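Participant: Residues per chain are reported as follows:
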Amino acid sequence: GEDVEQSLFLSVREGDSSVINCTYTDSSSTYLYWYKQEPGAGLQLLTYIFSNMDMKQDQRLTVLLNKKDKHLSLRIADTQTGDSAIYFCAENSNYQLIWGAGTKLIIKP
Amino acid sequence: EAGVAQSPRYKIIEKRQSVAFWCNPISGHATLYWYQQILGQGPKLLIQFQNNGVVDDSQLPKDRFSAERLKGVDSTLKIQPAKLEDSAVYLCASSPLAGVSYNEQFFGPGTRLTVL
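Chains as they are written, first to last, in this note's numbering: chain A, 14 to 122; chain B, 40 to 155.
The set of hints was computed from the structure by calculation and includes no laboratory data.
Small disclaimer: the values here were computed from a predicted structure and weren't measured.
Backbone N, C-alpha and C fix where the C-beta goes; we use that ideal spot for every residue, glycine too.
Each hint should be verified, as a subset may be incorrect.
[Said to hold, decoys possible] Between beta-carbon pairs, the in silico distance windows are: (1) 90/A x 47/B: 24 to 30 Å; (2) 155/B x 18/A: 29 to 35 Å; (3) 123/B x 119/A: 27 to 33 Å; (4) 115/B x 41/A: 20 to 26 Å.
[Said to hold, decoys possible] Taking lysine to aspartate or glutamate pairs in the DMTMM-like style, the calculated list, with each CA pair at most 25 Å apart, reads: (5) 83/A x 143/B; (6) 69/A x 91/A; (7) 50/B x 143/B; (8) 83/B x 51/A; (9) 101/B x 113/B; (10) 49/A x 102/B; (11) 83/A x 16/A; (12) 121/A x 16/A; (13) 50/B x 113/B; (14) 117/A x 143/B; (15) 49/A x 125/B; (16) 122/B x 102/B; (17) 49/A x 29/A; (18) 81/A x 18/A; (19) 81/A x 16/A; (20) 83/B x 16/A; (21) 117/B x 95/B; (22) 83/A x 67/A; (23) 69/A x 18/A; (24) 117/A x 124/B; (25) 121/A x 51/A; (26) 50/B x 51/A; (27) 121/A x 27/A; (28) 117/A x 95/B; (29) 69/A x 27/A; (30) 83/B x 39/A; (31) 110/B x 96/B; (32) 83/A x 27/A; (33) 83/B x 18/A; (34) 54/B x 124/B; (35) 83/B x 125/B; (36) 80/A x 39/A; (37) 69/A x 143/B; (38) 121/A x 91/A; (39) 80/A x 124/B; (40) 49/A x 91/A.
Whole structure, please, built from the sequences with the hints as guidance.
Facilitator: Set out below in structure tokens:
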């Protein structure tokens, strides 16, 4: 069955880099997404990557895609307290989004 | 541009009662989604509309859940009767197109339902 997997928690020190990992299942997924959910707020698209790319960089965010291993990662450079949130990985399968359970990013001062 | 609106933001009911949620998508968005998000899990799609037609409702518990999209714009999701396991956040999302690979969905703030 379809299953997108992520670690539930990640704790990093302020100023360090955060790396959130995800494995997905549908090798035909054309787009993969990272959404951010802050407390009391809706899900917000953070970034996405097209399946023919290995890497995408957008300011402090770097997305890496390994299609062979069906592995996706999100790196946040210079992590700030405002980055505290739950990060969801999602794959586009049959024109629907299949979601992971989310990784809660905890920032230590 | 106004975002996706949902109401109410919070609702507490007793089991076996009924409840309804309302969603107003972004103007012009053809596709509307209702998701159920249980604490500690990712969103689970309940139903997807394109304009006022249902595209996918395979995960909607039809014995107690119903949804409609009025005139292809606003939508309501109803639970009747509610069970304890329905306690969750109900998210509404919209996107401009359907049936395309790139599918950015815009989410509302959600309605947090507690069933006692």
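Participant: Compare the structure with each hint and give your call.
Facilitator: Here is what the structure says about each hint:
A C-beta distance of roughly 39 Å is found between residue 90/A and residue 47/B, which places it outside the suggested range of 24 to 30 Å. Roughly 33 Å separates the CB atoms of residue 155/B and residue 18/A, a value that falls within the hinted 29 to 35 Å. Between residue 123/B and residue 119/A the C-beta distance comes to about 30 Å, which sits within the given range of 27 to 33 Å. With their beta carbons about 34 Å apart, residue 115/B and residue 41/A fall outside the hinted range of 20 to 26 Å.
As the CA atoms of residue 83/A and residue 143/B are separated by approximately 21 Å, the hinted pair is consistent with the 25 Å bound. For the suggested pair residue 69/A and residue 91/A, the alpha carbons sit about 17 Å apart, so the restraint of at most 25 Å is met. For the proposed pair residue 50/B and residue 143/B, the alpha carbon gap of about 28 Å is over 25 Å, so the pair is violated. At most 25 Å may separate the alpha-carbon atoms for a hinted pair to count; residue 83/B and residue 51/A meet this at roughly 18 Å.
The suggested pairing of residue 101/B with residue 113/B holds, with an alpha-carbon distance near 20 Å, which does not exceed 25 Å. Between residue 49/A and residue 102/B the alpha-carbon distance is near 33 Å, which puts this suggested pair outside the 25 Å criterion. About 12 Å separates the Cα atoms of residue 83/A and residue 16/A, which keeps this hinted pair within 25 Å; it holds. Taken as a hint, the residue 121/A and residue 16/A pair is broken in the structure, with Cα atoms around 30 Å apart against an allowance of 25 Å.
For the suggested pair residue 50/B and residue 113/B, the alpha carbons sit about 20 Å apart, so the restraint of at most 25 Å is met. For the hint linking residue 117/A to residue 143/B, the alpha-carbon distance of about 22 Å falls within 25 Å, and the restraint holds. For the hint linking residue 49/A to residue 125/B, the alpha-carbon distance of about 24 Å falls within 25 Å, and the restraint holds. Of the pairs offered as hints, the one joining residue 122/B and residue 102/B holds, with about 12 Å between alpha carbons and a cut-off of 25 Å not exceeded.
With a C-alpha separation of about 19 Å, the suggested pairing of residue 49/A with residue 29/A holds against the 25 Å cut-off. For the hint pairing residue 81/A with residue 18/A, the CA-to-CA distance comes to about 16 Å; that is within 25 Å, so the pair holds. Distance restraint check for residue 81/A and residue 16/A: the Cα-Cα separation of roughly 17 Å lies within the 25 Å cut-off, and the hinted pair is therefore satisfied. Taking the CA atoms of residue 83/B and residue 16/A, the gap is about 12 Å. The hint holds against a cut of 25 Å.
At roughly 17 Å between alpha-carbon atoms, residue 117/B and residue 95/B fall within 25 Å of each other, so this suggested pair holds. Restraint check: the Cα-Cα separation between residue 83/A and residue 67/A comes to about 11 Å, which is no more than 25 Å; the hinted pair holds. A C-alpha spacing of about 21 Å is found between residue 69/A and residue 18/A, which places the hinted pair at or below 25 Å, so the restraint holds. The straight-line distance between the Cα atoms of residue 117/A and residue 124/B is roughly 23 Å, inside the 25 Å bound, and the hint therefore holds.
Among the hinted pairs, residue 121/A with residue 51/A is consistent with the structure: their alpha-carbon atoms are about 17 Å apart, no more than 25 Å. With a C-alpha separation of about 20 Å, the suggested pair residue 50/B and residue 51/A falls inside the 25 Å cut-off, and the hint holds. A C-alpha spacing of about 6 Å is found between residue 121/A and residue 27/A, which places the hinted pair at or below 25 Å, so the restraint holds. Of the supplied pair hints, the one linking residue 117/A and residue 95/B is violated, its CA atoms being roughly 30 Å apart against a limit of 25 Å.
A threshold of 25 Å between alpha carbons decides the hint, and for residue 69/A with residue 27/A the separation of about 23 Å falls inside it, so the pair holds. A C-alpha spacing of about 17 Å is found between residue 83/B and residue 39/A, which places the hinted pair at or below 25 Å, so the restraint holds. Proximity of residue 110/B to residue 96/B is assessed by CA-CA distance (about 18 Å); at most 25 Å being required, the pair is judged to hold. Distance hint between residue 83/A and residue 27/A is unfulfilled; the C-alpha atoms sit about 29 Å from each other, more than 25 Å.
A distance of roughly 14 Å separates the Cα atoms of residue 83/B and residue 18/A; the hinted pair therefore holds under the 25 Å criterion. For the given pair, residue 54/B sits about 9 Å from residue 124/B by alpha-carbon distance, which is consistent with the 25 Å threshold. For the given pair, residue 83/B sits about 12 Å from residue 125/B by alpha-carbon distance, which is consistent with the 25 Å threshold. Distance check on the hinted pair: residue 80/A and residue 39/A sit about 10 Å apart at the alpha-carbon level, within 25 Å; holds.
For the given pair, residue 69/A sits about 17 Å from residue 143/B by alpha-carbon distance, which is consistent with the 25 Å threshold. In summary, the hint linking residue 121/A to residue 91/A is supported, as the alpha carbons are separated by about 13 Å, within the 25 Å threshold. For the suggested pair residue 80/A and residue 124/B, the alpha carbons sit about 37 Å apart, so the restraint of at most 25 Å is broken. Taken as a hint, the residue 49/A and residue 91/A pair is honoured in the structure, with Cα atoms around 17 Å apart against an allowance of 25 Å.
Comparing the model with each numbered hint stated earlier shows that hints 1, 4, 7, 10, 12, 28, 32, 39 do not hold.
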